[in-house]
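So in our numbering, the last one in the sequence shown is 644, and the numbering has no gaps at all.
In case anyone wonders, no lab produced these hints; they're calculated from the structure.
A few of these clues could be false.
Unchecked claim - Below 25 Å or equal to it, Euclidean Cα-Cα: the simulated BS3-like pairs (lysine-lysine) are:
| hint | residue 1 | residue 2 |
| --- | --- | --- |
| 1 | Lys208 | Lys158 |
| 2 | Lys262 | Lys208 |
| 3 | Lys282 | Lys305 |
| 4 | Lys349 | Lys208 |
| 5 | Lys418 | Lys495 |
| 6 | Lys249 | Lys282 |
| 7 | Lys327 | Lys397 |
| 8 | Lys397 | Lys416 |
| 9 | Lys214 | Lys137 |
| 10 | Lys416 | Lys208 |
| 11 | Lys458 | Lys495 |
| 12 | Lys463 | Lys416 |
| 13 | Lys418 | Lys463 |
| 14 | Lys458 | Lys397 |
| 15 | Lys262 | Lys249 |
| 16 | Lys249 | Lys142 |
| 17 | Lys249 | Lys217 |
| 18 | Lys305 | Lys416 |
| 19 | Lys418 | Lys208 |
| 20 | Lys312 | Lys327 |
Stated by the list, open to error - Label pairs and their in silico Cβ distance ranges:
| hint | residue 1 | residue 2 | range |
| --- | --- | --- | --- |
| 21 | Glu150 | Asp622 | 51 to 57 Å |
| 22 | Asn271 | Gly187 | 30 to 36 Å |
| 23 | Glu174 | Gly624 | 52 to 58 Å |
In this text the structure is predicted, and so the values were computed from the model without any measurement.
Don't be surprised by glycine CBs; every beta carbon is placed ideally from N, CA and C.
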Amino acid sequence: MRRAAALALLLLPTALQAAKLRLKPKPVPLRSGLKIDLIKIETYNIFETRVYPESKLLYRIVNAAHWTTREEVIRRELLFSQGDGYNPALLVETERNLRRLPFLRKADVAAKVNKRGRIDVTVRTYDAWTLELIANFKRAGGSNNWKAGLADHNLTGQGKNISAVYNNNGASVSRNLSWKDPQFLGRSHLENTLEATTGPDSKTFSFGLKRPFYASISPSALGFKASYASNNVATYSGQTLTGTVQKRAIEAGLNYGIALGISTQRNRRLTAGLLHQDTSYSPFRNFSPDRMPQKEHLNFLQLGGEWEQQDFIKLKRIQKFTRIEDFNLGFGIFPNVSWSPYIKALSGTESQALPKVSVRKGLSWANNLLLLRGDYTSTYSNGGNGNRVASVKTFYYNLRFPRQTLAFQTAYDHGWRLDPSISFPLGEMNGLRGYGLEQFHGDRRLLFNAEDRIFIMDELWRLFDIGGAAFYDMGYAFPAGTPARIFHLKHSVGLGLRLAPSRWSGNNPVRIDLARALNDNGSRSRWSLSILAGHAFGPDSE
Numbered sequence: 103m104r105r106a107a108a109l110a111l112l113l114l115p116t117a118l119q120a121a122k123l124r125l126k127p128k129p130v131p132l133r134s135g136l137k138i139d140l141i142k143i144e145t146y147n148i149f150e151t152r153v154y155p156e157s158k159l160l161y162r163i164v165n166a167a168h169w170t171t172r173e174e175v176i177r178r179e180l181l182f183s184q185g186d187g188y189n190p191a192l193l194v195e196t197e198r199n200l201r202r203l204p205f206l207r208k209a210d211v212a213a214k215v216n217k218r219g220r221i222d223v224t225v226r227t228y229d230a231w232t233l234e235l236i237a238n239f240k241r242a243g244g245s246n247n248w249k250a251g252l253a254d255h256n257l258t259g260q261g262k263n264i265s266a267v268y269n270n271n272g273a274s275v276s277r278n279l280s281w282k283d284p285q286f287l288g289r290s291h292l293e294n295t296l297e298a299t300t301g302p303d304s305k306t307f308s309f310g311l312k313r314p315f316y317a318s319i320s321p322s323a324l325g326f327k328a329s330y331a332s333n334n335v336a337t338y339s340g341q342t343l344t345g346t347v348q349k350r351a352i353e354a355g356l357n358y359g360i361a362l363g364i365s366t367q368r369n370r371r372l373t374a375g376l377l378h379q380d381t382s383y384s385p386f387r388n389f390s391p392d393r394m395p396q397k398e399h400l401n402f403l404q405l406g407g408e409w410e411q412q413d414f415i416k417l418k419r420i421q422k423f424t425r426i427e428d429f430n431l432g433f434g435i436f437p438n439v440s441w442s443p444y445i446k447a448l449s450g451t452e453s454q455a456l457p458k459v460s461v462r463k464g465l466s467w468a469n470n471l472l473l474l475r476g477d478y479t480s481t482y483s484n485g486g487n488g489n490r491v492a493s494v495k496t497f498y499y500n501l502r503f504p505r506q507t508l509a510f511q512t513a514y515d516h517g518w519r520l521d522p523s524i525s526f527p528l529g530e531m532n533g534l535r536g537y538g539l540e541q542f543h544g545d546r547r548l549l550f551n552a553e554d555r556i557f558i559m560d561e562l563w564r565l566f567d568i569g570g571a572a573f574y575d576m577g578y579a580f581p582a583g584t585p586a587r588i589f590h591l592k593h594s595v596g597l598g599l600r601l602a603p604s605r606w607s608g609n610n611p612v613r614i615d616l617a618r619a620l621n622d623n624g625s626r627s628r629w630s631l632s633i634l635a636g637h638a639f640g641p642d643s644e
């Protein structure tokens with residue numbers, strides 16, 4: 103009897119636990135359609151100073167000097183609201199949209215079922231340091247090109263962007279002031295832009311206000327833009343500079359777009375707009391008047407479309423170091439045409455049509471990424487067809503090794519019946535390192551780049567990502583009327599250092615490249631040193 107009582111006492115906790123398990127309700131699984139009960143926003147500063155080693159004095163000072171993004175700024179970016187039915191695709195898209203914001207280095211959107219069988223959503227965002235000191239330097243072809251300025255991508259934590267930049271390209275200087283407010287007047291996705299650029303021989307002023315297709319579920323888009331530009335334009339005959347003219351252009355346009363169907367799987371949209379252009383030319387530096395481009399007064403009706411599948415993947419170490427990057431592999435086609443009829447009542451100078459089409463597609467398999475792009479533009483003017491340009495680009499990345507990325511670009515541009523002021527430049531500024539800034543000009547351009555990108559160290563002192571690169575460039579711009587021959591191609595090789603600020607906006611590396619031209623580059627030295635922001639090529643370097 104005593105043994106039985108002792109055994110019962112031993113088994114009593116187990117029996118009680120089993121009873122609790124039987125009484126405990128089974129958790130409700132996450133499923134579409136459940137009501138969203140709570141949305142919690144958690145915004146974090148640049149460093150987590152409550153946790154070692156980010157609790158050091160330097161990191162606390164940086165946090166104190168930074169305005170943490172305000173909760174309402176994040177809330178306006180959400181694609182769902184309290185009381186909506188749970189749609190996991192919209193949470194994924196919201197997280198992707200938050201990652202695109204220049205003032206965030208990381209974003210997480212997570213959902214769970216609460217005790218009432220409804221959905222609680224937690225949005226966590228981690229700020230980047232957005233006060234940016236702009237400093238670029240490039241020496242090539244015997245000339246120096248440098249840029250300096252200051253920018254803030256999250257002014258007072260409200261997501262507004264302001265920048266002031268001074269640029270010296272060796273031949274002239276310019277000053278740029280820009281402003282961007284993605285939530286103008288506190289309205290979600292209403293974007294306002296202002297920009298002014300001035301130089302000794304150029305001036306550009308622009309204003310824009312738009313509400314774009316900000317997500318797959320956007321029903322419509324509306325925008326207005328206006329600009330004035332005055333600058334000098336070089337004209338070429340083959341590789342020969344024939345002169346310089348001063349060009350003045352005034353442009354104003356209004357557009358509207360509508361989605362043909364709301365879906366998180368594909369975009370189907372139509373756009374329409376009106377665009378007014380006034381362009382005039384005047385002689386500069388004794389330019390011959392008989393070669394002067396004609397004045398243009400055009401009023402365009404613009405029609406466009408978009409059909410794009412949504413098939414995103416997340417990768418690292420493509421264009422950035424430690425940030426997640428989103429790439430859409432879905433097929434997309436984007437046709438557009440601008441038509442300007444000759445109507446005397448509207449003071450039109452000619453009839454003109456500008457068709458354009460772009461095609462995109464991505465492929466991914468076993469640590470490989472391939473991005474394909476194609477574009478075609480043309481100008482039909484008074485019955486003639488000119489300025490036809492076809493372009494093809496491929497980007498290939500191999501990520502077989504964890505701290506190494508093999509990156510390749512192949513690009514070809516082909517022009518037919520181009521105006522004298524239009525040509526394809528190629529040089530240090532366009533991907534052919536080791537040569538002049540834009541040393542070669544032609545109506546056909548071929549470029550191939552190969553880079554072995556090594557990621558040496560992440561988050562050094564919680565401030566920098568460090569890497570290196572070995573590269574090979576090959577290309578040429580073939581002058582009009584000359585056949586394309588393989589011996590025309592120019593080659594260069596080099597080594598580079600990459601420094602990416604890990605907690606700064608964008609995580610784009612500063613690249614320091616030392617290149618050697620393998621062919622005559624028209625300079626006393628075949629060596630070229632450049633210090634620039636971002637990679638030399640890639641889908642976001644265009």
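Results for each hint:
| no. | hint | in the structure |
| --- | --- | --- |
| 1 | Lys208 x Lys158 | 22 Å, holds |
| 2 | Lys262 x Lys208 | 18 Å, holds |
| 3 | Lys282 x Lys305 | 19 Å, holds |
| 4 | Lys349 x Lys208 | 44 Å, violated |
| 5 | Lys418 x Lys495 | 21 Å, holds |
| 6 | Lys249 x Lys282 | 21 Å, holds |
| 7 | Lys327 x Lys397 | 22 Å, holds |
| 8 | Lys397 x Lys416 | 48 Å, violated |
| 9 | Lys214 x Lys137 | 11 Å, holds |
| 10 | Lys416 x Lys208 | 13 Å, holds |
| 11 | Lys458 x Lys495 | 16 Å, holds |
| 12 | Lys463 x Lys416 | 16 Å, holds |
| 13 | Lys418 x Lys463 | 19 Å, holds |
| 14 | Lys458 x Lys397 | 23 Å, holds |
| 15 | Lys262 x Lys249 | 22 Å, holds |
| 16 | Lys249 x Lys142 | 42 Å, violated |
| 17 | Lys249 x Lys217 | 57 Å, violated |
| 18 | Lys305 x Lys416 | 41 Å, violated |
| 19 | Lys418 x Lys208 | 13 Å, holds |
| 20 | Lys312 x Lys327 | 8 Å, holds |
| 21 | Glu150 x Asp622: 51 to 57 Å | 54 Å, holds |
| 22 | Asn271 x Gly187: 30 to 36 Å | 54 Å, violated |
| 23 | Glu174 x Gly624: 52 to 58 Å | 56 Å, holds |
The earlier numbered hints that this structure contradicts are 4, 8, 16, 17, 18, 22.
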